[in-house]
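Chains as they are written, first to last, in the working numbering: chain A, 1 to 111; chain B, 112 to 223.
Where hints are given, some of them may not hold.
[To be verified] Far from chain B by the CB rule (all over 12 Å, computed), these chain A residues:
(1) Lys42
(2) Thr62
(3) Pro103
[Stated by the list, open to error] Pair by pair, the computed Cβ-Cβ distance ranges are:
(4) A:Glu15 to B:Gly208: 26 to 36 Å
(5) B:Pro125 to A:Asp55: 50 to 60 Å
(6) A:Tyr95 to B:Gln184: 40 to 50 Å
The set of hints was computed from the structure by calculation and includes no laboratory data.
Just so we're clear, the structure is a prediction, and the values are computed from it rather than from any experiment.
Just so you know, even glycine gets a beta-carbon here, dropped at the ideal spot from N, CA and C.
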Amino acid sequence: QKEVEQNSGPLSVPEGAIASLNCTYSDRGSQSFFWYRQYSGKSPELIMFIYSNGDKEDGRFTAQLNKASQYVSLLIRDSQPSDSATYLCAVGDNYGQNFVFGPGTRLSVLP
Amino acid sequence: SQTIHQWPATLVQPVGSPLSLECTVEGTSNPNLYWYRQAAGRGLQLLFYSVGIGQISSEVPQNLSASRPQDRQFILSSKKLLLSDSGFYLCAWSVRGQAEQYFGPGTRLTVT
């Protein structure tokens, strides 16, 4: 059974701080890694994806992947109250198959 | 640009009634299509995926079924709903051969 684990939170950070969200996965053969943001009552929105070891930056978001440790993280710099949401980690293969979602981490950015 | 639609947005149905949820994608051809369910306070569970018309793969045994009558249309059905079928149903699509999945707005189903 492939598993993706995340701390459920809530993770509370003050406005302007860096929020760090973590995810571990069990399938060593996984090739694609995703972060989705889900506001309460809404559908998930893809915000970052990463395929290679290292860091990938997009605006205030940085995804970090370490395949040897089976670990992927999301950093949110200069956190804003509008970043308050549940962040879902997803892991899959190269072709959109075998997608497994973690349970999500609830982030609260305090003004 | 690509757009994904789902309807209805919300639905309240009695136990034992039938179900039909529809999903359509615009602005792309030959997409992979997916149905997920998110129960209250729980993670996303993949129910079905399709790589083409009439090609459906089921991930979990259940009283739900899926069909893909047209390239960009995906339908989730049930003949008799159970209380445990309540949840947030999400359709997603991806470009054939790529892994990134994009979600529609979802249908919130309450079975009473």
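Evaluation of the provided hints:
1. Not every C-beta of chain B lies more than 12 Å from that of Lys42 of chain A, the closest at about 8 Å, which undercuts listing it as non-interface.
2. With a least beta-carbon separation of about 18 Å from chain B, Thr62 of chain A lies farther than 12 Å from that chain, consistent with its non-interface assignment.
3. A beta-carbon of chain B is positioned within 12 Å of the beta-carbon of Pro103 of chain A; the least distance is around 4 Å.
4. A C-beta distance of roughly 41 Å is found between Glu15 of chain A and Gly208 of chain B, which places it outside the suggested range of 26 to 36 Å.
5. Here the CB-CB span from Pro125 of chain B to Asp55 of chain A is close to 51 Å, well matched to the stated 50 to 60 Å.
6. The hinted window of 40 to 50 Å between Tyr95 of chain A and Gln184 of chain B is violated, with their beta carbons roughly 22 Å apart.
The structure shown violates the earlier hints numbered 1, 3, 4 and 6.
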